[in-house]
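**Q** So you can see what is in the structure, the chains are spelled out below.
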Amino acid sequence: MIAAAAVGAILLASVTLYAVLGGADFGGGLWDLLAGGDKRGRAPRELIDDTITPVWEANHVWLVFDLVIFWTAFPHAFADVMTAAALPLWLAVGGIVLRGAGFAFRKEVQSLGLQRLLGATFAFSSLLTPFFMGTVVGAIAAGQIPDGASHASLSTWTGATSLLTGFLFVAACGYLAAVYLIGEAARRGDRRLRVYFTRRAQAAGVVTGALSLATLTELHSSNAQLFGRLTGRALPLVIVAAACGVAVLALLTAGRTRGVRVLAAAGVAAVIWGWGVAQYPVLLPGTGVTLSNAGAPHATLVALIVLFAVVVLIIGPSFALLFALQSRSLLHAGDSGTALAAAASRTRPPSGPPGPPPSIRAAVLALVAAGALVRALTRRRGR
Amino acid sequence: MRFADVVVVAVARTGGQVVPARAQMAATLGFHIILACMGIALPTIVLLAEFIGLRRADEVAMTLARRWSQAMGVLVAVGAVTGTVLSFEMGLLWPGLMRQYGAVLGFPFGVEGLFFFLEAIFTAIYLYGWRRLGGWAHFWTGVPIALSGIFGAMSVIAVNSWMNQPGGFTAQGGRIVSVNPWQVFFNHAAPYEMPHMILAAYMVAGFTVAAVYAVGILRGRRDRYHYTGFAIPFVLAAAVTPVQIYVGDTAARSIASGQPVKFASMEYVAQTARDVPEWLGGVYANGHIYGGLRIPGLDSLLVGFSTRTQVTGWDSVPPSGRPPVVWLIHLCFDVMVGLGFLLLLAGLWALYVWWRRRRLPRSRLFWLLGAVSGVAAIVAMECGWVVTEVGRQPWVVYRLQTTAAAATTNGGVLASLGIIVVLYAVLGAATILILRSLARRWRRAGAPEPEVPYGPPGPQDRAFGRAGT
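So the protein lines, in turn, are chains B and D. The first sequence begins at 1086 in the working numbering and counts up by one. The second sequence begins at 4 in the working numbering and counts up by one.
Chain B on its own, in the form it takes in the complex (with noise of 0.2 Å):
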C-alpha cells in the first residue's frame, strides 16, 4: 500500500513537471498563434522559437514517462482510460506529432509560404493537443472512466467538466508559458516584449483563474465526493494554488518579475496536487478501481520507485545543466548551421518565424466558440 502510494506520487510529480516544462511549451505555439501578421508578431514569435527550441524534446519525455509509469504501475486503470477515451486520446496523439514536426521543420524551410503553413501546423495543434489532454483528465475526474472499460463513448469526454478541464489546459499553458517569456524577455533586455507577455500573463491568469473555479463547481455536479475533498482535506492546496495566482498577478501589475516563473509553476503544481490528494486513494473515480489494486504487484511498484530515484539523481542535474546554459544564452538555435546558416538567415526576409493564415485563425475561434456551445448544451441536458 506504501509503495502504491509513492508511485502515485511520483506519477503525479511526473504529471506536474510535464505540466510546468511541457504545458509551457504548448503555451508557446499558443501565444505564437495569436501574436499577429507576419511584421507584427515577428518579435515574439522569435523569442518564443527561441525559447522552446533547445528544450522542447526534453520537456516532451515526461509525457512519455508518465505513460510509462501509469502503464506499469496501474495497467488496469491504463487499459480503461486508454479504451474509454481513445478518441481524445488519438487526437491528442495526432496533435503531438504536427506541433513536433511543424515547429522543427519552420526553422529549416526557406519559403516564406511554408515557414507560414508550418507555423500554423505547429501553433494550431499546440492548442487541440493539451485540449484534448485535458478533457481525458477531466473524464477521469468526473467518474467517467469504467472499470474493465470494453468501449469508447463520446460521452466518456464531452461532459462539462472534460470540457471546462480541457479549456483549462489550454488556458494553464498559455499562462505559465506567458509568465516565463516575461523572464526571457527581461534577460535580454527587451522592455517592449515584456510589457507584451506581462499583459498577456494577466490575461491568461485571469482566464486560468475563471476556468479553475467554473471546473471546482461543475466537479460539484459530476462528481461530488471529489469536489467535498477538494473543498475538505485538500482546501490547503486549493488556497495555495488560489494564493500563487493571486500572487502572481499583483506582483505582475506591479512591474516585478522576480519569482513570478517559480510562483506560476508551483500555482500550476498545487492545483495537481490538490485534484491527486483530494482523489486519493481511488485512481478512477467512480470505479472501485484504486492505486493498490490497479494493477502492479509489489516488486514492480519497488522497482519504479528506484527507477525514479535514479531519474532524480541523473536527470535532475541533466536538467539543470540545460537551463542553465540556455539562461546563460550558451545555447543558440541555428548554430550548428554555424556561419553558414547565418549567411542563409541574412538572406532571408527580415527573420523571425511569419504568423499564420488568417484562415487559421478564424478557424481557432470557430473552435473554441464550438466548444463553448457544446459545455452549454451539456450543461442544459445536465440540469
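No wet-lab data here; the hints were simulated from the structure. Note that the structure is a prediction, hence the values are computed from the model and not measured. The reader is advised that the hints may include incorrect statements.
Unchecked claim - Facing chain B, according to a computed beta carbon distance under 10 Å, are these residues of chain D, among others:
#	residue
1	VAL79
2	ILE422
3	VAL424
To be verified - Chain B is nowhere near these chain D residues, computed Cβ spacing over 12 Å in every case:
#	residue
4	GLY170
5	ILE179
6	ALA242
7	TYR249
8	ARG277
9	LEU283
10	ALA288
11	LEU305
12	PRO327
13	VAL338
14	LEU345
15	ARG360
16	LEU368
As the list claims (entries may be wrong) - Covered stretches of chain D (in silico footprint by chain B; criterion: 3 or more residues with CB under 8 Å from a CB of chain B, positions within the stretch not fixed):
#	region
17	20-30
18	93-103
19	109-115
20	118-126
21	402-414
22	436-442
Every residue gets a Cβ at the ideal spot worked out from N, C-alpha and C, and that includes glycine.
Assemble the complex: chain B is given as a structure, and chain D must be docked to it using the hints.
**A** This is chain D only, laid out in the frame that chain B set:
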C-alpha cells in the same frame, strides 16, 4: 514496410480490430525504427567526425560533423514524436496486452525513459552548443547521447525480446502476482536481440549517410569533402557488418530452439525431421514450394553443425498456433541475410583495395554499391522486423497471450490507420524534402568552410579518401 502492411492486411485470417491494429503498429513501428536507428547510431558517426576534426585539426571533418548534427536535429525531432505515437499505441491499440502484462514489461520501458531523457537533454546541448561550447567540451557533451542511444535501444529491445521469450514473473488466476524486473530485462532472447538491433542501427545509419556521399561521388563530386563524408560512416558500418552476421547466425540458432515454429517458418520446415534442406528463395503455397534453390542438409548443418540434426517443423503445433503467410517470413529472412552479405562484400572490397593501394576503390560498381547500401541496410532491417513480428504470430506474448486478445475492442481502428498512414506519408516526405533542402543549401555554401570558430585551419593537402580510416 508498406508492402508488408498490405500483405498482413490481405492474408491475416482473424477478424475484428486485430488486423488493422497490426497493420497500424507495423506502419508506425516500421517508420519509427528508421528514425530510431538514426537516433541510436548517428550521434556516434557525428562524434567520430568531430573527433577526427579536433584531433587532426581537419576542417572538412569538422564541417561534416556540424552539418550532420543539423540533420540529426531534424531526425531526432521527428523520431521523438513518432516514438511518442508508439507509446500511446501500446495502450490505444493493445489495451489487452497492457492490462495483463503492463506491470511486467513496463519496467524496461521505464529504463528506456531514463535514457530518452539523457538523449534529449544532451542532444539539445550538443546541437545548440556548437559555437559557444568550443572544442573538446562540445565533443564531450555528445558522448552521453551516443551512450544513451545504445542503452535506450537495449531497454526497448528488452521488451520485444521478452515478448518472444517471456519470463521473470508469476501469475495466479490471470493476475500477475510477482515480477523479477532483472529477469524481465535480461530475458532469454535479450542476449541476441539486443546486439542484433543495435548493430543494425549502426549499419542503417552508417550506410545511409555513406550512401548520400556515394551518390555525390557518382555525380562527379570527387572532392575530399565527399570522400571523407563517405569514409567515416562507411568504415564504421562496414566494420560492424561481419559482427552482425555472426550475431544473426547465433540468433537464428537460438530461435530454432526457443521459438521453433518461427524458425520453421523462416526456413520452410514443414515436418520435424533430420537432414533438413535449406531453401534459398521460393514461395510456399498449398503445401508446395515454388521456385527457390534447395540445398540438401544445409539447414540441419546450420542449426546443429551436423546434417543429422533434427529441426522442429511447424507440424509440431496445430494450424491455429502457426504464423500466417509463411512465405512472407521466409522471403523476408532470405532478403535480410542476402543484403547482409551484399553489405559485407562492399566492406571487404573497400578493405582489399585499402590493403593493396591505400585508397578507396575507383570502380564505378563500388560506388553504385555504396549508393544503394543505405537502402539495402534499411530494407534488411525492416525485413528482420517482419520476420520476428509476423513469425511470432498468432502470439503477442509468445505462448501466453494471442494478438487477438491483446487488441483493442474499440471500433474504428481502420480510420486511425488511414489517417496515420496519410500523416506519416506527409511526415516522411517532408523529412526527406527538408534534408534535401539542407543539402542544397550546403552545396551552395561550398565544401569546407573558410573558417572554423575554433582550432587552426587544417592542412588541405591530405590525399583524397584518407580521413576516417
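**Q** Each hint: holds or not?
**A** Hints, one by one, checked against the model:
The interface hint given for VAL79 of chain D is met, as the beta carbon of that residue sits about 7 Å from the closest beta carbon of chain B, less than 10 Å. Because the closest C-beta pair between ILE422 of chain D and chain B is about 7 Å apart, less than 10 Å, the hint holds. Nearest Cβ of chain B to the Cβ of VAL424 of chain D: about 13 Å, over the 10 Å cut. The hint is violated. Residue placement check: GLY170 of chain D keeps its beta carbon more than 12 Å from all beta carbons of chain B (closest about 14 Å).
Distance to chain B contradicts ILE179 of chain D as a non-interface residue, since its nearest Cβ pair spans about 6 Å, not more than 12 Å. Against the 12 Å criterion, ALA242 of chain D stays outside the reach of chain B, whose nearest CB is about 27 Å from its own CB. In this structure TYR249 of chain D is separated from chain B by more than 12 Å, as the shortest Cβ-Cβ distance comes to about 33 Å. For ARG277 of chain D, the non-interface assignment is confirmed: its Cβ lies about 44 Å from the closest Cβ of chain B, beyond the 12 Å cut-off.
LEU283 of chain D, annotated as away from the interface, keeps every beta carbon of chain B farther than 12 Å; the closest lies near 41 Å. The claim that ALA288 of chain D is not at the interface with chain B holds, since no C-beta of that chain comes within 12 Å of its own (minimum 38 Å). Every beta carbon of chain B lies more than 12 Å from that of LEU305 of chain D, the smallest distance being close to 39 Å; the non-interface claim holds. Its beta-carbon lying about 26 Å from the closest one in chain B, PRO327 of chain D satisfies the requirement of being farther than 12 Å from that chain.
Its beta-carbon lying about 30 Å from the closest one in chain B, VAL338 of chain D satisfies the requirement of being farther than 12 Å from that chain. At roughly 33 Å, the least C-beta separation between LEU345 of chain D and chain B is larger than 12 Å, which holds for a residue marked as non-interface. At the 12 Å boundary, the C-beta of ARG360 of chain D stays outside the reach of chain B, the nearest C-beta of that chain being 35 Å off. Non-interface status of LEU368 of chain D relative to chain B is upheld: no Cβ of that chain comes within 12 Å, the nearest being about 34 Å off.
Coverage of a stretch by a chain is defined here by at least three residues with a beta carbon nearer than 8 Å to that chain's beta carbons; for the region 20-30 of chain D and chain B the count is 0, and the condition is violated. Coverage of the region 93-103 of chain D by chain B holds in this model, with 8 residues showing a Cβ closer than 8 Å to a Cβ of that chain against a need of three. Note: the region 109-115 of chain D has 6 residues with beta-carbon separation from chain B under 8 Å; the three-residue rule is met and the coverage holds. Beta-carbon proximity to chain B at under 8 Å applies to 7 residues in the region 118-126 of chain D; the threshold of 3 is reached and the given coverage holds.
Counting residues of the region 402-414 of chain D whose C-beta sits closer than 8 Å to any C-beta of chain B gives 4, which meets the bar of three, so the coverage hint holds. Restraint check on the region 436-442 of chain D versus chain B: 3 residues with Cβ-Cβ distances below 8 Å, three needed, restraint holds.
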